[in-house]
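Enquirer: Chains as they are written, first to last, in this note's numbering: chain A, 1 to 397; chain B, 1 to 299; chain C, 1 to 279.
Worth double-checking, as some hints may not be accurate.
Unchecked claim - In silico DMTMM-like cross-links for lysine to aspartate or glutamate, where the CA-CA straight-line distance does not exceed 20 Å:
no., chain 1, residue 1, chain 2, residue 2
1, A, 176, C, 41
2, A, 176, B, 153
3, A, 297, A, 149
4, B, 6, C, 41
5, C, 40, A, 255
6, C, 50, A, 249
7, A, 323, A, 270
8, B, 69, A, 384
9, A, 306, A, 149
10, A, 167, A, 149
11, A, 167, A, 240
12, C, 40, A, 274
13, C, 40, A, 249
14, A, 176, B, 150
Unchecked claim - Stretches of chain A that chain B covers, calculated by requiring three or more beta carbons in the stretch to come under 8 Å of a beta carbon on chain B:
no., region
15, 235-245
16, 256-266
17, 361-371
18, 375-388
To be verified - Okay, the calculated bits of chain B under chain A, using three or more residues with CB under 8 Å as the criterion:
no., region
19, 209-220
20, 241-247
Hint data in this document are derived by calculation from the structure and do not stem from the laboratory.
All of these numbers come straight from a predicted model, not from anything done at the bench.
Glycine included, each C-beta is placed from N, C-alpha and C at the ideal position.
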Amino acid sequence: MKRIVILLLCLLAAGTFLFAGGAKEEAVKPTITMTVPWAGPELEQFLPVVRAFEEKENVKVKCLTYRGEDLSAVLPAQFEAGQSLGDIIFLWDWWVKKNDQHAVDLTDIWAPVKSAYIPSPAEAGGKVVALPYVMVAKPGFWYRSSFFEKNGLKAPANWDEFTSLLKKIGGISGIKNPIVTGNGVGWPISDVTEHFLITFGGAELQNKLIDKSVKWTDPQVRKIFENRIIPLLKEGAFSDPVEWTQAIELWWGGEYGLYFMGNWITGMVEDAGDLGVFTLPGAKAMVTGQDWAFIPKYSENIDLAKKLFAFMISKEGATIRAKQGGKLVARNDISSSLYPKADQAVAEAVSKMETTVLDLDDSIGGDWQRLFWDQLKLLWVSPDSLDDVLKKLQAGL
Amino acid sequence: MERRLKHWGTGYIFIFPAVVLMAIFIVYPAVKTLFQSFFDAGGNWVGLKNFITVLTHYETIDLSRFPKKGPPWGSLINNAIWILIHLPVTVLLGMLFAVMLNKIKGGAFIKSVIFLGMVIPMIVGGVIIRFLFDENSGVVPLLMRTFGIEALDFTWTAYPQTALMSLILGSILLWTGFSLTMHAAGLSTIPREMYEAAEVDGAGILRKFFFITVPMLAPVTSVVIAMTLLYEIKIFDIVYAATLGGPGGSSMVLSLQMYFYAFRRLDFNLASAVATILTLFTLIVGIWLVRNTMRGEKR
Amino acid sequence: MKQIRIMPGRIAHYSLAWIVAVIWLVPFIGIFITSISPLKEIVHGWWGVKLSSISFKNFIGAWSHPTSPIGQGMLNSLIIAVPATIVPVFFASSAAYGILRYRFPLRKTIFLITLLLLAIPQAMVAVPLFQILKNLKLINSYLGLIIVHTAWGLPWIILFMRGFFSTLPREVEEAASIDGAGPFKTFFRIILPMSWPGLASVSSLQFTWVWNDFFLALIFIYNPVRMVATQRIPLLRGQYHVDWGILTAAALLITSVPLLVFILLQKYYVKGFIGMASK
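Required output: the full structure, derived from the provided sequences and hints.
Expert: Following this line, the structure appears as structure tokens:
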């Protein structure tokens with residue numbers, strides 16, 4: 001009996017404590033809730049924009065991290081119930097276009113920035129339903145300049161140089177594998193796979209895979225896997241999948257030579273000045289993506305949300321964002337010298353490409369994306385299952 | 001007669017809230033799922049088509065790979081393997097540990113430690129498994145390295161050959177506490193005199209174990225088997241947290257498959273078919289458990 | 001003389017027992033050490049950590065995580081778990097008592113179906129339940145999840161409490177009814193107070209299970225502000241950033257509550273398990 005009393009007291013104390021903590025968060029100021037796809041350092045880079053707006057308008061902005069794949073599962077039910085997770089929601093443009101009846105028309109905040117913006121907005125049903133915010137690029141394999149210098153390595157100019165670079169890195173003592181494979185839900189593997197597909201099949205192949213006019217079992221696709229990726233996997237050029245943030249530490253610490261990652265890596269290492277990056281030799285296109293956002297009709301603060309969104313894409317807001325690095329802003333009136341050094345390199349790499357393409361699995365989305373990630377994880381550790389993997393990817397579409 | 005009606009009425013009032021809640025929130029949805037599994041998304045009767053689709057899909061049973069090639073073999077086969085390994089191991093370990101820890105100093109503490117797996121959230125159990133078998137942070141690959149078993153010195157959850165096994169081993173760690181606790185309680189009900197009598201007859205430890213302990217624990221063991229089977233068939237959280245069914249579906253299980261069908265693909269009818277198959281298995285166990293209970297009732 | 005002869009066996013016995021204990025403890029120790037260490041030092045395993053660098057800042061980090069605060073999650077879990085323990089325990093006790101003491105028609109059938117419900121997996125009810133709650137506008141609401149947990153807890157609590165009530169002496173009830181107490185008064189004033197050990201058993205288990213639940217919360221709660229503690233674990237190991245220190249600290253924070261219940265109510269807790277099964 002005594003113990004029950006103790007327990008109840010503990011629960012009571014915990015409850016009061018928790019309630020007190022929760023109550024503190026209740027703000028008197030008007031609050032905008034925004035779901036963003038970023039966490040950790042990526043989020044840190046965005047927050048200055050929010051803080052500037054908060055000060056300007058004397059409001060509170062709450063950022064919640066929410067992944068696209070979770071949102072797409074959650075929102076339909078939410079919207080149907082007339083509720084919304086946030087006043088501004090970051091989610092893929094294709095999803096918003098498909099669900100345009102739930103989005104607020106953003107024509108009025110788009111009009112003033114139209115001339116300065118590089119990408120176009122997402123339009124559906126005669127209205128602007130989603131706007132691109134920042135750009136990410138997946139430029140290629142990152143390395144530490146100091147590591148390359150110390151070992152007399154240089155970025156490759158053709159495929160043979162690439163493979164011999166991998167061999168050289170593999171021979172350096174302390175190196176486990178030349179390239180570290182990032183694991184997580186599975187997207188780092190899909191990013192590097194797409195880079196190979198685009199380099200050897202061109203932007204055209206990527207686009208055809210997205211609109212499903214080329215099959216995964218097509219010889220053209222299979223050949224790229226068979227001739228380029230599989231031999232590397234079999235030689236052990238890639239490591240086993242390692243949790244991708246842990247992989248950064250290990251790669252930075254000199255256990256691996258190269259890491260394929262998007263430009264957000266510049267915000268995640270100790271010294272972005274030591275970063276170098278190269279694409280696979282011959283790549284003429286690069287995956288870039290915008291982080292898109294929209295305002296759902298069920299927001300209780302539509303006007304304020306619009307105001308915040310307008311600020312984010314304004315020159316003032318974009319300048320604050322550019323200085324933080326990690327992402328590129330999509331305005332043409334922002335000088336590249338505003339960016340930190342590593343991000344300038346990314347901006348240059350992007351400008352060297354003939355064209356940019358969309359991310360493959362983000363564009364197809366749905367449960368197939370999960371399948372894609374999961375199957376690639378399998379391929380990475382058992383390269384012999386190639387045909388099986390391709391067959392399942394095609395069947396799952 | 002009036003007294004009888006009043007007696008009935010009182011009984012009904014006692015059970016009313018519980019029965020209503022169970023009817024609306026368990027029975028009705030379960031029956032509806034059963035119905036939905038025979039219809040397509042447009043509401044047309046399709047007979048067993050959903051079941052055939054599910055059972056012939058490689059995600060459920062992949063006969064092109066099983067048993068000659070390595071995993072992925074499909075969720076149903078994975079569930080079966082889970083049962084084949086996890087059931088005998090946890091039941092036996094629990095029984096042996098119960099005997100081993102019976103009446104030794106610190107036994108209660110060790111029992112509590114093993115029981116921890118039953119106390120923690122299963123989702124945390126999944127995190128523990130990820131951790132245990134991680135090449136860089138895990139104890140298991142470290143042990144393999146130490147003993148020179150290079151072939152197993154990698155992240156177990158990342159490889160199709162080992163992903164399922166790591167989950168099963170992890171779930172043994174989490175679930176043995178149940179079997180142990182039940183058997184320990186059963187042990188305390190065996191009269192001392194039985195052992196004393198056997199000792200007089202010159203029986204050794206093994207004889208006593210097999211001819212007294214095991215048979216006397218049989219009723220407890222059968223309940224443990226039933227509950228363990230239910231746990232294994234329904235397994236979800238630890239797979240979700242540790243591997244999400246991967247890589248390449250090699251650690252997929254029925255509940256997770258149902259979740260993906262229903263809440264990622266939004267294919268409610270196929271999801272209902274998976275759920276119905278799942279329930280078929282649990283009901284077999286359930287009926288067995290009920291018959292056991294009822295038999296105990298009459299005695 | 002005899003003592004010495006037994007010694008080797010005893011040593012073997014004790015060492016074996018403690019080896020088993022260590023095997024079961026090591027994973028938890030690993031989680032704990034990771035939670036108090038900086039990521040850099042444990043990329044090659046928690047056993048390599050230097051004791052000088054331990055700190056509890058991961059716990060603070062997890063508690064007030066910017067995107068998935070565990071503190072808020074634990075508050076939500078508590079808001080759900082407390083009523084989702086009290087209500088079903090009360091309703092189920094009443095039903096168990098009714099089934100045990102009153103011989104009304106369909107009594108056996110209802111009890112049988114209740115037993116069978118124990119075997120129904122949550123996956124079997126997930127989709128229609130989602131639709132029901134949607135129609136009732138109870139998605140994303142504490143109340144919705146409380147109701148579902150309540151219904152879900154009933155069958156096993158009924159089974160347990162029925163077993164428990166049957167061990168109570170009938171004379172007390174008979175005496176009460178001779179004194180003129182009605183059936184409900186008897187139940188509330190006599191049966192329930194007499195049954196507190198049983199109620200403690202079912203409450204501690206039901207509370208733990210609701211707290212530990214992941215599947216139902218995953219399906220019915222989407223709003224990040226309302227998410228319960230267990231739901232936040234996979235989100236911490238999200239697509240964008242994985243920090244093992246924060247993740248393990250969060251895991252320990254979430255575990256601390258059921259652990260506390262277990263430590264304080266161990267006797268009742270274990271009896272709950274045993275009582276459910278041994279008839």
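Enquirer: It remains to establish, for every hint, whether it holds in the given structure.
Expert: Here's how the hints hold up against the structure:
| no. | hint | in the structure |
| --- | --- | --- |
| 1 | 176/A / 41/C | holds, 18 Å |
| 2 | 176/A / 153/B | holds, 13 Å |
| 3 | 297/A / 149/A | violated, 55 Å |
| 4 | 6/B / 41/C | violated, 72 Å |
| 5 | 40/C / 255/A | holds, 14 Å |
| 6 | 50/C / 249/A | holds, 18 Å |
| 7 | 323/A / 270/A | holds, 17 Å |
| 8 | 69/B / 384/A | holds, 11 Å |
| 9 | 306/A / 149/A | violated, 49 Å |
| 10 | 167/A / 149/A | holds, 16 Å |
| 11 | 167/A / 240/A | holds, 17 Å |
| 12 | 40/C / 274/A | holds, 19 Å |
| 13 | 40/C / 249/A | holds, 7 Å |
| 14 | 176/A / 150/B | holds, 14 Å |
| 15 | 235-245 | holds (count 4) |
| 16 | 256-266 | violated (count 0) |
| 17 | 361-371 | holds (count 3) |
| 18 | 375-388 | holds (count 9) |
| 19 | 209-220 | violated (count 0) |
| 20 | 241-247 | holds (count 4) |
The structure shown violates the earlier hints numbered 3, 4, 9, 16 and 19.
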